[in-house]
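Peer 1: Given the coordinates of chain A, assemble chain B onto it according to the supplied hints.
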Amino acid sequence: MRVTSRVPWLQSAVRVALPALVLAALVHVGYRRVGPVPPLGPLLDPVRGVWAVATRPDVPTGPIRIPGATDSIRIEFDDRGVPHIFARTEEDAARALGYLHAWFRLFQMELQTRATNGTLSEWLGSQALAYDRQQRALGLEWSAERNVAALDSSSLTGRMLLAYAQGVNARIDELGQRDLPLEYHLLNARPAHWDILNSVLFLKRMGYTLSYGTPELRLARLAERFGLPTASGLVPLNSPIQEPIIPSRRRTPVLDPAVPPLPSVGASAAAADDERSTREASNNWVVSGTRTASGHPLLAGDPHLDLSLPSVWFEAHLVVPGVLDVYGVTFPGAPAVAIGFNRDVAWSFTNTGADVLDFYAETVDDSVHPASYLLDGTWHPLERREEEYRDRSGRVIATDTIAFTHRGPVRRALGRTLSMHWTVLDAGDEALGALLGIGAAHTVDEWVAAMRAFRAPIQNGVVADREGNIAVLAAGDYPIRPTGGTGLTIWDGTTSASDWLGYLPAARQPYVKNPAQGYLASANQEPIDPAMDPTYLGSAWPAPWRAMRINTLLRSDSTVTEDDMREFQTDPGSARADWFVPAFLAAVARERQAGRASPNATAAADLLADWDRRYTKTNERAILFERAMDALEELLWDELADSTGARAAFPGEDLTAALLSDPESRWWDERASPNVVETRDDVLAAALDSAFARTRSRYGDPAAGGWRWELLRHQNIWHPLRVPSLSRLDIPVQGGPGLLNPSSGFGTHGSSWRMVVDLGAEVRAWGVYPGGQSGNPMSRWYADRIQRWADGRLDSLPFPASPDALPAAHRSGTVVIVGADR
Amino acid sequence: MIRQLGIILLLAVAMAVGTWWLGWWAVPIIGAAWGVARYGQYSAWTAAVAAGLSWMLVLGLVALRGPVGDLARIVGGALTLPGWVLVLAVVVFPAALAGTAARLSRVLLSLVE
Numbered sequence: 075m076r077v078t079s080r081v082p083w084l085q086s087a088v089r090v091a092l093p094a095l096v097l098a099a100l101v102h103v104g105y106r107r108v109g110p111v112p113p114l115g116p117l118l119d120p121v122r123g124v125w126a127v128a129t130r131p132d133v134p135t136g137p138i139r140i141p142g143a144t145d146s147i148r149i150e151f152d153d154r155g156v157p158h159i160f161a162r163t164e165e166d167a168a169r170a171l172g173y174l175h176a177w178f179r180l181f182q183m184e185l186q187t188r189a190t191n192g193t194l195s196e197w198l199g200s201q202a203l204a205y206d207r208q209q210r211a212l213g214l215e216w217s218a219e220r221n222v223a224a225l226d227s228s229s230l231t232g233r234m235l236l237a238y239a240q241g242v243n244a245r246i247d248e249l250g251q252r253d254l255p256l257e258y259h260l261l262n263a264r265p266a267h268w269d270i271l272n273s274v275l276f277l278k279r280m281g282y283t284l285s286y287g288t289p290e291l292r293l294a295r296l297a298e299r300f301g302l303p304t305a306s307g308l309v310p311l312n313s314p315i316q317e318p319i320i321p322s323r324r325r326t327p328v329l330d331p332a333v334p335p336l337p338s339v340g341a342s343a344a345a346a347d348d349e350r351s352t353r354e355a356s357n358n359w360v361v362s363g364t365r366t367a368s369g370h371p372l373l374a375g376d377p378h379l380d381l382s383l384p385s386v387w388f389e390a391h392l393v394v395p396g397v398l399d400v401y402g403v404t405f406p407g408a409p410a411v412a413i414g415f416n417r418d419v420a421w422s423f424t425n426t427g428a429d430v431l432d433f434y435a436e437t438v439d440d441s442v443h444p445a446s447y448l449l450d451g452t453w454h455p456l457e458r459r460e461e462e463y464r465d466r467s468g469r470v471i472a473t474d475t476i477a478f479t480h481r482g483p484v485r486r487a488l489g490r491t492l493s494m495h496w497t498v499l500d501a502g503d504e505a506l507g508a509l510l511g512i513g514a515a516h517t518v519d520e521w522v523a524a525m526r527a528f529r530a531p532i533q534n535g536v537v538a539d540r541e542g543n544i545a546v547l548a549a550g551d552y553p554i555r556p557t558g559g560t561g562l563t564i565w566d567g568t569t570s571a572s573d574w575l576g577y578l579p580a581a582r583q584p585y586v587k588n589p590a591q592g593y594l595a596s597a598n599q600e601p602i603d604p605a606m607d608p609t610y611l612g613s614a615w616p617a618p619w620r621a622m623r624i625n626t627l628l629r630s631d632s633t634v635t636e637d638d639m640r641e642f643q644t645d646p647g648s649a650r651a652d653w654f655v656p657a658f659l660a661a662v663a664r665e666r667q668a669g670r671a672s673p674n675a676t677a678a679a680d681l682l683a684d685w686d687r688r689y690t691k692t693n694e695r696a697i698l699f700e701r702a703m704d705a706l707e708e709l710l711w712d713e714l715a716d717s718t719g720a721r722a723a724f725p726g727e728d729l730t731a732a733l734l735s736d737p738e739s740r741w742w743d744e745r746a747s748p749n750v751v752e753t754r755d756d757v758l759a760a761a762l763d764s765a766f767a768r769t770r771s772r773y774g775d776p777a778a779g780g781w782r783w784e785l786l787r788h789q790n791i792w793h794p795l796r797v798p799s800l801s802r803l804d805i806p807v808q809g810g811p812g813l814l815n816p817s818s819g820f821g822t823h824g825s826s827w828r829m830v831v832d833l834g835a836e837v838r839a840w841g842v843y844p845g846g847q848s849g850n851p852m853s854r855w856y857a858d859r860i861q862r863w864a865d866g867r868l869d870s871l872p873f874p875a876s877p878d879a880l881p882a883a884h885r886s887g888t889v890v891i892v893g894a895d896r
Numbered sequence: 762m763i764r765q766l767g768i769i770l771l772l773a774v775a776m777a778v779g780t781w782w783l784g785w786w787a788v789p790i791i792g793a794a795w796g797v798a799r800y801g802q803y804s805a806w807t808a809a810v811a812a813g814l815s816w817m818l819v820l821g822l823v824a825l826r827g828p829v830g831d832l833a834r835i836v837g838g839a840l841t842l843p844g845w846v847l848v849l850a851v852v853v854f855p856a857a858l859a860g861t862a863a864r865l866s867r868v869l870l871s872l873v874e
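From first to last, the protein sequence lines stand for chains A and B.
Residue 75 is where the first sequence starts when you use our numbering, and the numbers rise one by one after that.
Residue 762 is where the second sequence starts when you use our numbering, and the numbers rise one by one after that.
Treat the hints as calculated values from the structure; they're not laboratory data.
Careful, some of the hints might be misleading.
Covered by chain B, according to a simulated footprint, are these stretches of chain A (three or more residues, beta-carbon under 8 Å) [claimed, not checked]:
1. 87-93
2. 99-110
3. 120-134
4. 791-798
The following residues of chain A were derived to be distant from chain B, with all beta-carbon distances above 12 Å [to be verified]:
5. E219
6. I320
7. D418
8. K587
9. P589
10. P673
11. E744
Predicted model only: the values in this text are computed from it and were never measured.
Even for Gly, the Cβ is constructed at its ideal location relative to N, Cα and C.
Isolated chain A, as found in the complex (with noise of 0.2 Å):
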């Protein structure tokens, strides 16, 4: 004080500078996110900030206009948050979904635009950089670029995107500050406006999700570790349990054991960057009315996919009178129903996981900064893409250069340099035109017809209609290699002889109608039994575990009903328990014969010869086996390990199976103990010992309660921004690995959309997905549905002829939308 008083100035300036200082930091914190806190003033304004979402209404309220509509539009939202739209047009129906869905959800819609087009840098700042670079050097971008460029506007895919992205832009122009989904204020965004491209790129993302594997890479890295020899049994051309999708004359599942040599002396497994094999999985069938208790075709559909919240699926009715009266599942980001029914044919898909995409050796004038390759002898310049990465400001963080060669994107890989051949890069608009098609469908032959022009990604499509025909068609661009080769070769990318010479044609493709057994499954399984046609289509496929139970539960059920559909998509059965818990308990019975049988591989075998092998919630000897699993992977192929434990290749159980078939093989012997030449059975019982030790110790005594499996095996639906409170998670299922209900890993993966559809004389659908309508947290819809699907249960799907006929019991909004110069 004394101080200040003798300096006037410097007491004028603290008091100048202390709420000069405060007032500058609070006006900071409101304007600027600080770490993960968005900028407050926006955020907390009680007017027009985050709050306003608890305000927000379950459903649009009217008038609302679209620019281009042509008549009014009648919207009836059902108590599922379902809306049935009647359009005129087709057009409008596009322009009223695409309202609709930026509506309930445009965050995701724009989300998976980012993720798509490597954008995302854009709101994440630079933590999001190394994602965007690797998607931009997939080339989906300049992919889906190419095809808009080439798109027809006057043709029914490009006026119906067209007409989409109207009514998406009419959702956000009228979008005012208090009207922002939840996401944007945390983000501190608007956003952006919709242009046709998006729904191609959208298209594009799902062909990357179902179809990009590089079984090639793979065999590569393994090859240069363990030989080619070893390497080629560990990634199989074919199943070694063949349980076809097309049924095959052979007795099915027919075990060809195609066991891998061991690795060659000296081969290193020093890094594990091996990939497992893909997850995406679905399950699908249908049974004709031969074998129905109604007499009528059943359908059921099950998509697996990463489980989100919202999800990755919009349910919705469209209408326009002798056109189109279809209802099913869309994708929030394009025009069409992807899985559903209409008044005559149902049908559903899952990934055939065909191997759609080559490597090519190209030779550049350059490693580093290429600007030509060689091909047939002569220098060819190189197509380049520059790319420009923006962090949340519109600062420039980074660029690079793409180039690519007449096959697709240049990458450098194993110490080369590749360019990538990819189907889902090479097609157009053509996904969207056979769903619309599709959607329009009278008889399973109209729906083949339609389905034939898919392309990519390659679908096993089950169909049925009222007739009473059913079929599974597979359908989509299978290339065709010179010489027959196969997709396991990196090609010799200085010659045109490598190229694809075109497509499988559609004659060729995975295809039957009406076959005698009365019903069909697809479970991302073989399609084809290679006894009856060795047409390369795609290697290293996934066990066919799901397919062998669901067909196990159709060829036992000749009086099949809707409710048997419904619980066969959560059957607890385990076709992978009934092939292992055999082998596991013979084995032990010959070791305690042979008096070699520890106390605790003897304990684990008795509880597990009173298990159902049925992954119920109140199971306790699920887990079990489960960890007798994951024993015997190690044990067995101990040899693909280094010494840390790192694993450079993960075999299929398929393979597995296989090598019990043959006692003696040297992958059961132990690296570990090199004295001793163990067998099968000495592995089989020494996984069951590690079991029950490491089980009882992590979860207690067998009795005591805790190896109930709803304790143990959960499903997570995240949100997409990670934040659990706007996730649900821990979620007990009836499920497991292998299951017609999957659920392995993290449980973030599982059952996208289950439906059953009836097709008798009026369609009549069950369905659910886990979680709800709407994408705002706040509403009734955002995650109402999770427990039902939980519980196996589905919803009746109402399918209203005319507005009025929905009824009153089931309504919950009617809104009318009409051009915006009407």
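Peer 2: Showing chain B alone in chain A's frame:
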């Protein structure tokens, strides 16, 4: 005392209207204007209390139309904060803005004079 409360209430209404009309930055502007007006001895505190009150009242109106508590829990979860911290911030943040703005403007004015 009643007069003082009446002044605070009027100022709070002004800030609520300002927020509704212009956005969150109306709060420091009105706070600064209040400091310049030099009405009463404790203009900074008056501005702070009025600002906190104004946003709290508006949030109360929002809460009549939707589950603000649930939303606070969700948004707080996204920011790894308890929900009540977010609600508290709706009072503290404008109060601090308006109070410091009023204080600063008053000091500056006194220096000029």
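Peer 1: A separate judgement is required for each hint: does it hold in the structure or not?
Peer 2: Against the structure, the hints come out as follows:
1. Taking a C-beta to C-beta cut-off of 8 Å, the stretch 87-93 of chain A contributes 3 residues in contact with chain B, enough for the three needed, and the coverage statement holds.
2. For the stretch 99-110 of chain A, the stated coverage by chain B holds: 4 residues have a C-beta nearer than 8 Å to a C-beta of that chain, and at least 3 were required.
3. Judged by the Cβ-Cβ criterion of 8 Å, the stretch 120-134 of chain A is covered by chain B as claimed, because 11 of its residues qualify and three suffice.
4. Counting residues of the stretch 791-798 of chain A whose beta carbon lies closer than 8 Å to any beta carbon of chain B gives 3, which reaches the threshold of three, so the coverage claim holds.
5. Non-interface call for A:E219 relative to chain B: holds, since the shortest CB-CB distance, roughly 34 Å, exceeds 12 Å.
6. Here A:I320 stays apart from chain B, with its beta-carbon at least about 49 Å from theirs, past the 12 Å limit.
7. Against the 12 Å criterion, A:D418 stays outside the reach of chain B, whose nearest CB is about 44 Å from its own CB.
8. No Cβ of chain B comes within 12 Å of the Cβ of A:K587; the nearest lies about 50 Å off, and the non-interface call holds.
9. Listed as a non-interface residue, A:P589 keeps its Cβ farther than 12 Å from every Cβ of chain B; the least gap is roughly 51 Å.
10. Listed as a non-interface residue, A:P673 keeps its Cβ farther than 12 Å from every Cβ of chain B; the least gap is roughly 48 Å.
11. Separation of A:E744 from chain B is adequate, the least Cβ-Cβ distance of about 47 Å exceeding the 12 Å criterion.
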